[in-house]
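Since the structure of chain A is already known, use the hints to place chain B on it.
Residue numbers (the working numbering), protein chains in the order written: chain A, 11 to 477; chain B, 11 to 477.
Mixed in with the good hints there might be a few duds.
Remember, identical chains collapse to one label, so a pair may be satisfied in a single copy or spanning two.
[Stated by the list, open to error] The calculated SDA-like cross-link candidates involving lysine to any residue, where the alpha carbons are at most 20 Å apart (straight line), are:
| hint | residue 1 | residue 2 |
| --- | --- | --- |
| 1 | 139 | 258 |
| 2 | 132 | 318 |
| 3 | 280 | 64 |
| 4 | 371 | 405 |
No wet-lab data here; the hints were simulated from the structure.
Number of protein chains: 2
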Amino acid sequence: MQDLTPPHLGAQALRELAERFGERFTTSPAVRERHGQDESWHAPAPPDAVVYPQTHDEVVAIVRICAAQRMPIIAYGVGTSLEGHIAALHGGVCIDMSRMNRVLAVHAEDMDARVEAGVTRKQLNAHLKDTGLFFPVDPGADATIGGMAATRASGTTAVRYGTMRENVLGLTVVLADGRTIHTGGRARKSATGYDLTRLFVGSEGTLGVITEVAVRLHGVPQAVSAAVCAFPSLRAAVDTVITTIQSGIPVARIELLDEVQVRGVNNYSKTDYAEAPTLFFEFHGTAAGVAEQARLVGELARDEGGADFRWATLPEERSRLWQARHDAYYGGLSLRPGARGYVTDVCVPISRLAECVVATKRDIEQSGLIAPIVGHVGDGNFHLVILVDPSDHGEVARAAALNDQVVRRALAMGGSCSGEHGVGYGKLEFLEPEHGEALALMRTLKAALDPLNLMNPGKLVLAEAPR
Amino acid sequence: MQDLTPPHLGAQALRELAERFGERFTTSPAVRERHGQDESWHAPAPPDAVVYPQTHDEVVAIVRICAAQRMPIIAYGVGTSLEGHIAALHGGVCIDMSRMNRVLAVHAEDMDARVEAGVTRKQLNAHLKDTGLFFPVDPGADATIGGMAATRASGTTAVRYGTMRENVLGLTVVLADGRTIHTGGRARKSATGYDLTRLFVGSEGTLGVITEVAVRLHGVPQAVSAAVCAFPSLRAAVDTVITTIQSGIPVARIELLDEVQVRGVNNYSKTDYAEAPTLFFEFHGTAAGVAEQARLVGELARDEGGADFRWATLPEERSRLWQARHDAYYGGLSLRPGARGYVTDVCVPISRLAECVVATKRDIEQSGLIAPIVGHVGDGNFHLVILVDPSDHGEVARAAALNDQVVRRALAMGGSCSGEHGVGYGKLEFLEPEHGEALALMRTLKAALDPLNLMNPGKLVLAEAPR
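Pulled out of the complex, with its shape left as it was, chain A reads as follows (with noise of 0.2 Å):
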């Protein structure tokens, strides 16, 4: 296990935090392996500890503990990024954030709500039954609101929501120093200074940790109707995409399953999907709405050689539907037992959604590879789960090639390295491509926020370690 961390610094802050929280500190080997990795196929890094704070003003103290000492700093929600957000690379202190869930307040007469760091989505959600709102953003696993705020999370339902980046309305902050400051407002807009809110969302723990979110709700729709609906081929399905977007129909989610991803949920959920090219849809509104909407995006798939649309009406019916989308990754793995997944998303403009799609689709051909495609495409989002055999290095090596491929041609199309699943440190190349001098400047604000780097170092927009 490595340890960068100057020894004698180090464990002078390990002691003091010891002392503090006594159970809720530890440096088991166990509970610091599982901190350090997160879903991906990246390398693990533990931390030298994990602590458990319960408040905000115990978080500031390990803050102000850790800084002092110069030790690295990790925010931890859940752990279930893709892209090695939590590898204590340089090692550091672990704030698991589980403990500090709690509601606030759910102020519904103003749709929002605010949440400690720690409240899941799905918590936030069972919250909420009863007052006629709900959170929307869902990517999938129950992750952390102050994890998904951290990273700009998105998934099935951005398309129609938007992403945290559209609900979050303001933050708490520990900054790197200890000090605390609050971010946005419970108005509606604000033109008055800097947007921090917008600096902190997906800043991935390397600006501060974030101990509070506010968050906007919405209403539960009166009507919602999901539907499956196949294709005869890759681009059909995408040109129905492509044209339901440009046609301004405000579907609430339009994911895309290549033939391969169809088998391996059918493999891993017991579905019996075509295994073809497939769109899943979701409709919100009132029930004449919903219904305009779903006859509205009928006949753009049936134009395209979509078959009909397969209904699930009943709540339990969609919810099995989503579940089955949800286990997509799993649904993957299935498809090569004992495989990991390399796991990589993409997002280009709408317009050069199916070239992209079918170019990557014929990449993937060529690799010799098995990577399901499976996609927040309404968004011009995709991934692949690339299968490898983690000790098979020519397969890994390939995978990263492949991966190299799919990026670097989304970029040139004037897209973005990654729609959701964030940098991390995986994807740390491709921020200067993306990027250009802007990541130069992101750097600059780094610098001025945590001239120590001692917030989640070696992420995002530096690979360096700590001063």
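Just chain B now, with coordinates in the frame of chain A:
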């Protein structure tokens, strides 16, 4: 005319600019006066010179020349801001962006466009005429897209389409040291790096000069209808707004005018609306959707004692209605010929809106001043135009006291000291009460990006003069 710039430095910069820009550089007193004065009551401050770049590279050259000589830089669109944003408080060079007014690209299939910063919103919409798309953000004035981005503009349609925060996809910015960055991208979402676009949106020219803006476009709705409805009381009107928003009805516009403002509008725009608290509505959607929205809102209004809707069905009737709304400022002024408008705006959570508006109305009555209330109430945002005789110092002081009272109440209700007019130098004093320690972080960002404090000094987050 005050000039705090060290003369030996400023003079050198002006000589270099004069040489390079020829007749596109001027120190004419009339031109300088015009460029130091926005549409507000705030004391103007003319710059030392005005220069008219035609290209991004010319802006880079101007910034480099000014930075080398420590000359303040103020970017200027059309001068319609309302809190002294463009006043050259410390002298300097005004960069008039009006000749950078090319629409660079329209990507109809991706529903976005890229424009030079000097393109105005009406110019862009005229350009989009045959595309089936439009740019919705509408602050009233025909402001430049660059100025609207810099001030995080919103206006009548923000309740449906969002503010500039939601509608700017990317920017080209010249930084204080002359470097160029491109922020954002053409994909609908990205999880890679700090959100620099949102950092510059609303930065009021204090972090860099915006030269290009990529904006989101929206489909022209199939059907549009507009209506006016009078209410028995201010509270009844505002309560209708609150229930409409809470019901999730996607109104495109929902504007409040109090009875004083309606009298002003009737005066100025020769309309004959009932002189009562009034809402102006607009509905966008499919024909069926618009009819459904109008019916639902009509029911909510009737529940509050609202009169029958007075419909503006034909496009020219709608234009007349919204022109009257946009001319509300002049309508207000017409109530007291010779007066100037001391304009302010605040924004509060929807749940506090009725209480806030009613209490503000009482403040106005107690002040003895005439001050029409008008606002984008669907966002919780409303404005006062306090009519003052600028030569009457006692009256100006009473207006300032009224403004102070209104702003501090909004802040106490969890609101913002400005929903859309921004800070400029007019609302500097309210930033600390609104943002607390976060203001210190904003100043850290300002210092990191503009260490010499040359970009629009004395505005938004920092009262100080350049170093």
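Against the structure, the hints come out as follows:
1. Only between protomers do residue 139 and residue 258 lie at most 20 Å apart by alpha-carbon distance; the minimum there is 17 Å, versus 30 Å within a single protomer.
2. Proximity of residue 132 to residue 318 under the C-alpha cut-off of 20 Å is found in neither arrangement, the shortest distances being 32 Å within a copy and 44 Å between copies.
3. In this assembly of identical chains, the alpha carbons of residue 280 and residue 64 never lie at most 20 Å apart, being 41 Å within a copy and 63 Å across copies at closest.
4. Taking the shortest alpha-carbon separations for residue 371 and residue 405, only the intra-copy value of 18 Å comes in at or below 20 Å, while the best inter-copy value is 72 Å.
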